[in-house]
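Chemist: Residue-level listing of the chains:
There are 4 protein chains.
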Amino acid sequence: MKDLEHLWKSHPLDPEKNRAPLLACIEACSACAVLCGACNDACIAENDPASIRGCIRATADCADICLATLRILLRLSATHAELLRSQLRTCQTACEICAAECDRLHSTHPHCHVCEEACKRCSQACWELASC
Amino acid sequence: MKDLEHLWKSHPLDPEKNRAPLLACIEACSACAVLCGACNDACIAENDPASIRGCIRATADCADICLATLRILLRLSATHAELLRSQLRTCQTACEICAAECDRLHSTHPHCHVCEEACKRCSQACWELASC
Amino acid sequence: MKDLEHLWKSHPLDPEKNRAPLLACIEACSACAVLCGACNDACIAENDPASIRGCIRATADCADICLATLRILLRLSATHAELLRSQLRTCQTACEICAAECDRLHSTHPHCHVCEEACKRCSQACWELASC
Amino acid sequence: MKDLEHLWKSHPLDPEKNRAPLLACIEACSACAVLCGACNDACIAENDPASIRGCIRATADCADICLATLRILLRLSATHAELLRSQLRTCQTACEICAAECDRLHSTHPHCHVCEEACKRCSQACWELASC
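Chains as they are written, first to last, in this note's numbering: chain A, 0 to 131; chain B, 0 to 131; chain C, 0 to 131; chain D, 0 to 131.
Incorrect hints may have been included.
Pairs count within a copy or across copies, as identical chains cannot be separated in the list.
[Stated by the list, open to error] Listed next, the in silico EDC-like pairs over lysine to aspartate or glutamate satisfying Cα-Cα at most 16 Å (straight line):
no.	residue 1	residue 2
1	1	15
2	1	116
3	119	95
4	1	26
5	119	26
6	16	127
7	119	2
8	119	102
9	1	13
10	16	4
By construction, these hints were calculated from the structure, which means they are not laboratory data.
None of these values were measured; they are calculated from a predicted model.
The task is simple: from the sequences and hints, build the whole structure.
Modeler: Right, dumping it as structure tokens:
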């Protein structure tokens, strides 16, 4: 995210004021989307994927929502505060649900533990940015 | 969407009960994403894109959110009702904001009028599905 | 797609010349993404998803690629012909692979048959547009 | 990407053999999508966006294609080698085109320079992974 901070220095709307929580949330959404995608694939590759459909579903939804949030956060022109907050709330919800699903599996499926931690960080980052 | 209805007949979780509002919302999200994408591009291609950045931003966000909603609605396994409602609310908000931006421009930019109508239909379809 | 054709009439770059194959490809990519998403979810919901991972993977990839193609085709400003052709080729390949995976399963999983038909139509539409 | 490497240790298909080029490509696609999204928004926010539509278009396409590539690379089950190569080739092409557009603007728009560097790294990473 050093590069993004560097890019913003010449962005006509350099988000100087909220830079730290915005960068943190972009980084968290990006990492969460990647780890949810990888955990989803690992779950499908397990011996008995039928038994962990809750996690397969939660990681798929969470990855989609984190990527949509990421795209939206990268736009600084003409931001609509109400939509941003609604998206952040939905993203936080998706991350909390996914973290809960992963938590139930993490003793037997260690990949879920890595995903769970990313979801918790992303949920927190969305909450913090929405509170700015 | 006839094909989707046909596909669902052999889906292990055929959504018989809520089929009509679910299909309507999937169709509305799909159409809205397409028309927002096209309207966004038309706005950028206009003589003075700098003057309509509000619409460029709103159509971009709305397309992203409609596509995420679409992906989520196509999943029937292990749906989490709270997340679904939150996503539908966010999608409705995005559509309402985009419709309002398009409404301000539609006399001079007829493409915005087509987009506005799609946003209104999608907002309504999200609201109806969330009320089921 | 009537709405998209209508929207384009006031697009500064109305694609009059290639309108038919472009509209056909946009419609085919949109339908294919929806049906691949639904078929992917149906496969995961089956009794023995572990036995049909080839189709789960192919539908997931095909949906992602069709949605990326869709977004790109909706942009008419400053199109780069080489990139468009490369994307259409990749999309055609994804559709052919997915159709072949679905073909192996369609007698036991009728939802795969609906998906297969959509993939074949999309593959054809990509080929036709790339040949313009 | 340390977390992804950690997650893969419990993935049933841990990609031990090609881990380094795969991780590098995932990281490069993720960074390139983020920086293209931010550069696209910065271009739209400039005083005269109409004069830089080539870069607005190239960054939008490149972000979409990098995100599709990212999703595909995160899946390890039932990978189809031909599709993977085709996607990597398309992604490399998108990155090269975007780097060239950014290169023309980077003296006057420093954000394009940051984006250009990310595109070049991603193009290289796609090429290296496709050569494995």
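Chemist: Each hint: holds or not?
Modeler: Here is what the structure says about each hint:
1. 1 to 15: within (14 Å within a copy, 29 Å between copies)
2. 1 to 116: Answer is between: at 13 Å across copies they meet the 16 Å cutoff, but 22 Å inside does not.
3. 119 to 95: Classified as within; 7 Å inside a copy, 31 Å across copies.
4. 1 to 26: both (10 Å within a copy, 14 Å between copies)
5. 119 to 26: within (13 Å within a copy, 21 Å between copies)
6. 16 to 127: Only inside one copy: residue 16 and residue 127 sit 14 Å apart there, 39 Å across copies, limit 16 Å.
7. 119 to 2: between (25 Å within a copy, 14 Å between copies)
8. 119 to 102: within (11 Å within a copy, 39 Å between copies)
9. 1 to 13: within (14 Å within a copy, 30 Å between copies)
10. 16 to 4: within (12 Å within a copy, 34 Å between copies)
In summary, this structure violates none of the numbered hints.
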